[in-house]
Amino acid sequence: MPKDTVFAAELPWPEYQSRVKDGSTPILIPFGSMEQHGHHMPMHVDVLLPTEFARRAAEALGGLVAPPFTYGYKSQQKSGGGNFFPGTTSLDGMSLVSALKDVIREFARHGNRQICIVNGHFENSWFIAEGIDLALRELNWGGIHDVKVVVLSYWDFVDQAAIDKLYPEGFLGWDIEHGGVLETSLMLRLYPDLVSLEKAVDHPPASFPPYDVYPPHPDWTPASGTLSSPRNATAEKGDILLDVCTRGISAALHTEFRPKDSVAAE
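For the sequence shown, the numbering used here gives the first residue as 0, with consecutive numbering after it.
These are computed hints drawn from the structure, not numbers from a lab.
Since this is a predicted model, take the numbers as computed values, not measurements.
Mimicking BS3-like on lysine-lysine, the simulated pairs with C-alpha atoms at most 27 Å apart in a straight line are:
id : residue 1 : residue 2
1  : K77       : K164
2  : K20       : K147
3  : K147      : K100
4  : K198      : K77
5  : K73       : K198
6  : K198      : K164
7  : K100      : K73
8  : K100      : K20
Generate coordinates for the entire structure from the input sequences, incorporating the hints supplied.
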């Protein structure tokens, strides 16, 4: 049985209880999806990446990582290619909201007061916000008023200096980075055995009209499922991303959660 793990589910319950009962141990919940990521990567990219960033942040802050949400909200055409791809397996918004509300409420029952949602799937964002809002409302009704929840998406910590190194030919925006340089570079560094770059499809960036149609037109999405080409992805770019995102996430959580030892030192 691992003794120094940061993964909460690997702990026996008495050890978990001793870690969280006073509310000072941050618990990080990776929030992903099962979604196609082109011909060259697996469908659990959005689970693997936030889990790794959560692990790194937990080690830096003395926190714990909860089991990840492995299903997310429906893939949208302009940010994930669309929910019509075989393999992409999604939840209705109400299901996702309800599940997150229950999990936050349960962690609060255990004694946790510092919770972080580490998002890895663009489409989850508003449903995460709703789940948190409902959970905090119910906790307030029950007399628990001191729970703080931080929500972050790892790509938001990529600063302009890193963007200039990653995209020397110009950056077109995170909305079409699905299966592109960002995710592929991180996977090449962290999970190279799961990436088959030789199968990646090189194509121009996806271009969409300034409106949406439901049901969507599948022909608007590149046939590969990726919205931009991963051809310029490298493990070295993955190193840049790991560094800037890990530092940014750890700093943000240190600011918001203020570990007891750092407060005492001041």
